[in-house]
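Asker: Okay, so the sequence shown: first residue is 248 according to our numbering, each after it adds one.
What the hints contain is simulated information worked out from the structure, not anything from laboratory work.
None of these values were measured; they are calculated from a predicted model.
Accuracy of the hints is not assured; some may be wrong.
So the derived label-pair ranges between C-beta atoms look like this [what the hints assert, rightly or not]: (1) Glu378 with Phe407: 31 to 41 angstroms; (2) Gln416 with Ser288: 39 to 49 angstroms; (3) Asn278 with Gly256: 27 to 37 angstroms; (4) Pro267 with Gly389: 34 to 44 angstroms; (5) Val413 with His339: 29 to 39 angstroms; (6) His339 with Gly403: 33 to 43 angstroms; (7) Val413 with Gln327: 38 to 48 angstroms; (8) Arg370 with Asn290: 12 to 22 angstroms.
No residue lacks a Cβ here, since even glycine has one placed at the ideal position from N, Cα and C.
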Amino acid sequence: MSAAHHFLGHAVVQVAYHVPDIEAAAIAMANQTGAGPFFVSRNIVLAHGEHRGEPCPFVHSSAYGQWGAVMVEFVQQDSQGPSPFRDLYQAHERGLHHMAVMTTDIEASYQHFEDHGMPRVTRAVTDSGVEFAFLDALDTLGHFIEIYEASPQLLGFYDFVRTAAVDWQGEAPIRSAR
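Produce the entire structure from the sequences given, and follow the hints as far as they go.
Answerer: What follows is the structure, encoded as structure tokens:
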């Protein structure tokens with residue numbers, strides 16, 4: 248694998264696209280680029296979510312696969328209402344939504360990005376206690392930056408997806424993440 252790319256001192260670990268159908272997008276990506284296999288997690292419910300100061304459950308489904316040195320994610324919003332996804336796309340639309348970075352000090356990283364004109368606009372916590380956020384880079388990059396703390400659980404998931412791709416030959420491109 249190639250070396251990691253960095254953005255403002257943080258390794259880019261994922262590129263994510265909003266799509267109307269995560270499985271169709273994952274199959275197309277696998278066919279076009281050889282990325283995969285993709286692990287699908289449906290109806291992801293968060294323990295906490297707020298977006299631009301308002302409560303925001305943004306229940307969503309995602310497909311995660313390895314694409315060279317980075318994970319690629321396809322995401323669709325399953326709930327109604329405002330969210331970081333709806334800031335950019337309606338349910339039927341597709342496009343680049345965010346690139347993700349990890350940190351060992353999430354509070355310091357929030358401040359670091361804020362100092363570079365990219366404030367936190369979404370804060371969320373998964374049911375398993377992993378905090379993540381979306382930072383507003385719309386004016387400079389045209390998409391969000393997702394950031395999360397490099398927990399053992401998260402690093403384990405990234406390793407799981409990366410390892411599945413090592414000798415993958417295109418069989419069973421869609422698999423269950425649960």
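Asker: For every hint, state whether the structure bears it out.
Answerer: Results of checking the hints against the structure:
1. Glu378 with Phe407: 31 to 41 angstroms: At roughly 20 angstroms between Cβ atoms, Phe407 and Glu378 fall outside 31 to 41 angstroms, so the hint is violated.
2. Gln416 with Ser288: 39 to 49 angstroms: Between Gln416 and Ser288, where Cβ atoms are some 23 angstroms apart, the hint is violated.
3. Asn278 with Gly256: 27 to 37 angstroms: 35 angstroms, holds
4. Pro267 with Gly389: 34 to 44 angstroms: 20 angstroms, violated
5. Val413 with His339: 29 to 39 angstroms: 35 angstroms, holds
6. His339 with Gly403: 33 to 43 angstroms: 34 angstroms, holds
7. Val413 with Gln327: 38 to 48 angstroms: Holds, since Val413 and Gln327 (Cβ atoms, about 39 angstroms apart) stay within the stated range.
8. Arg370 with Asn290: 12 to 22 angstroms: 21 angstroms, holds
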